[in-house]
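**Q** Each chain, letter by letter, is given below.
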Amino acid sequence: MAYRIIFVDDDPVIGSIVANALIDNGYAVGWIANAEDAFHVMRRRPPHLAILDCAMPGISGLDLLRKMRCDGLLCRTPVLMLTARLSPQDEALAFGAGADDYLRKPVDLDMLIGRVDAMLATENHRMAV
Amino acid sequence: MNQVSQMTTEGSSPLGLDEDLVRAARGLYRIQKQDLGDIAATLSAGPVPAGEAEKLARLVHNIAGTASYFGESALGREASALELRLLAAECDDERRSRCLELIQVLEKNRAR
Numbered sequence: 001m002a003y004r005i006i007f008v009d010d011d012p013v014i015g016s017i018v019a020n021a022l023i024d025n026g027y028a029v030g031w032i033a034n035a036e037d038a039f040h041v042m043r044r045r046p047p048h049l050a051i052l053d054c055a056m057p058g059i060s061g062l063d064l065l066r067k068m069r070c071d072g073l074l075c076r077t078p079v080l081m082l083t084a085r086l087s088p089q090d091e092a093l094a095f096g097a098g099a100d101d102y103l104r105k106p107v108d109l110d111m112l113i114g115r116v117d118a119m120l121a122t123e124n125h126r127m128a129v
Numbered sequence: 001m002n003q004v005s006q007m008t009t010e011g012s013s014p015l016g017l018d019e020d021l022v023r024a025a026r027g028l029y030r031i032q033k034q035d036l037g038d039i040a041a042t043l044s045a046g047p048v049p050a051g052e053a054e055k056l057a058r059l060v061h062n063i064a065g066t067a068s069y070f071g072e073s074a075l076g077r078e079a080s081a082l083e084l085r086l087l088a089a090e091c092d093d094e095r096r097s098r099c100l101e102l103i104q105v106l107e108k109n110r111a112r
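Going line by line, the protein sequences match chains R and Z.
Quick note, the first sequence lines up with residues 1 to 129 if you use this note's numbering.
Quick note, the second sequence lines up with residues 1 to 112 if you use this note's numbering.
Any given hint could turn out to be false.
[What the hints assert, rightly or not] Computed cross-link-like contacts, DMTMM-like style, restricted to lysine to aspartate or glutamate with a CA-CA straight-line distance of at most 25 Å:
id, chain 1, residue 1, chain 2, residue 2
1, Z, Lys-55, R, Asp-63
2, R, Lys-67, Z, Glu-54
3, R, Lys-67, R, Glu-36
4, Z, Lys-55, R, Asp-37
5, Z, Lys-108, Z, Asp-20
6, R, Lys-67, R, Glu-123
7, R, Lys-67, R, Asp-110
8, R, Lys-67, R, Asp-37
9, Z, Lys-55, R, Asp-10
10, Z, Lys-108, Z, Glu-94
11, Z, Lys-55, Z, Asp-38
12, Z, Lys-55, Z, Glu-101
13, Z, Lys-55, Z, Glu-19
14, Z, Lys-55, Z, Glu-107
15, Z, Lys-55, R, Glu-36
16, Z, Lys-55, R, Glu-123
17, Z, Lys-55, Z, Asp-18
18, Z, Lys-55, R, Glu-91
Source of the hints: derived by calculation from the structure; they are not laboratory data.
These figures come from a predicted structure and were not determined experimentally.
So that you can see chain R by itself, here it is in the shape it has in the complex (with noise of 0.2 Å):
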């Protein structure tokens, strides 16, 4: 059975990018551009990973985060956040509100994918013990 992915971003242009690269890759992507929707969808079926957008209009990513870490059911789903912002301060702020992990757009796909990757195994991993 393969992963599930949920992929929170407004960008219909980086949305279907990515989700087909993490598709290709062998994982279930939802794709979905905004915070809110996101967060109703997650809580009806959680997913193994979210990738976040730390930017959006309305609910940013970053609130997000934080919604999901004080949910029962989300507060242990490993986060990917992704932003385009050269500030240092967005990576302290995305690793203050829980993030588990960080990339800079344009995100290269091997990365992105071999982070995935990584949070993964590292989740199964805890899992297990």
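Starting from the known structure of chain R, fit chain Z onto it as the hints suggest.
**A** Frame of chain R, contents of chain Z only:
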């Protein structure tokens, strides 16, 4: 050659990405750039309120995150820096200057 620059070649498909998908994404990206230029030109006709600047910064943010996939790394870097300057602008006139700057950046990268 890393995955970001590989996507710039017409017909190349890193990680097995479907060529039709890449072509469609490129087309959408071009539309986004055109829309961005049109909006910046409209806004730069006068002082730019903070709310409008935030909407514009959002569009710049998207371009910053994907430009490199389509051979426009320089535009991506400039867009990323300009997004921050646009959001940091403290008055309507300063935001208008950032809009004019954005138009110049788009024109300069179109000419490349």
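**Q** Are the hints correct? Go through all of them and say.
**A** Consistency of the hints with the structure:
1. The straight-line distance between the Cα atoms of Z/Lys-55 and R/Asp-63 is roughly 19 Å, inside the 25 Å bound, and the hint therefore holds.
2. About 24 Å separates the Cα atoms of R/Lys-67 and Z/Glu-54, which keeps this hinted pair within 25 Å; it holds.
3. Distance restraint check for R/Lys-67 and R/Glu-36: the Cα-Cα separation of roughly 10 Å lies within the 25 Å cut-off, and the hinted pair is therefore satisfied.
4. Restraint check for Z/Lys-55 and R/Asp-37: the C-alpha separation of about 21 Å stays at or below 25 Å, so the hint holds.
5. With a CA separation close to 28 Å, the supplied pair Z/Lys-108 and Z/Asp-20 exceeds the 25 Å bound.
6. Between R/Lys-67 and R/Glu-123 the CA atoms are separated by roughly 20 Å; this keeps the pair inside 25 Å, and the hint holds.
7. Restraint check for R/Lys-67 and R/Asp-110: the C-alpha separation of about 29 Å exceeds 25 Å, so the hint is violated.
8. Under the criterion of a C-alpha separation no larger than 25 Å, the hint pairing R/Lys-67 with R/Asp-37 is consistent with the structure, at around 13 Å.
9. For the given pair, Z/Lys-55 sits about 13 Å from R/Asp-10 by alpha-carbon distance, which is consistent with the 25 Å threshold.
10. Distance restraint check for Z/Lys-108 and Z/Glu-94: the Cα-Cα separation of roughly 21 Å lies within the 25 Å cut-off, and the hinted pair is therefore satisfied.
11. With a CA separation close to 13 Å, the supplied pair Z/Lys-55 and Z/Asp-38 stays within the 25 Å bound.
12. The suggested pairing of Z/Lys-55 with Z/Glu-101 holds, with an alpha-carbon distance near 16 Å, which does not exceed 25 Å.
13. Between Z/Lys-55 and Z/Glu-19 the alpha-carbon distance is near 31 Å, which puts this suggested pair outside the 25 Å criterion.
14. Taking the CA atoms of Z/Lys-55 and Z/Glu-107, the gap is near 20 Å; set against the 25 Å cutoff, the hint holds.
15. Between Z/Lys-55 and R/Glu-36, the direct Cα distance comes to roughly 19 Å. Compliance with the 25 Å bound is thereby established for this hinted pair.
16. For a cut-off of 25 Å, the pair hint linking Z/Lys-55 to R/Glu-123 is broken: about 37 Å separates their Cα positions.
17. Proposed proximity of Z/Lys-55 and Z/Asp-18 is contradicted: the alpha carbons are some 32 Å apart, above 25 Å.
18. Note on Z/Lys-55 and R/Glu-91: the hinted pairing holds, with a Cα-Cα distance of about 23 Å set against a maximum of 25 Å.
The structure does not agree with the numbered hints 5, 7, 13, 16 and 17 stated previously, though it agrees with the rest.
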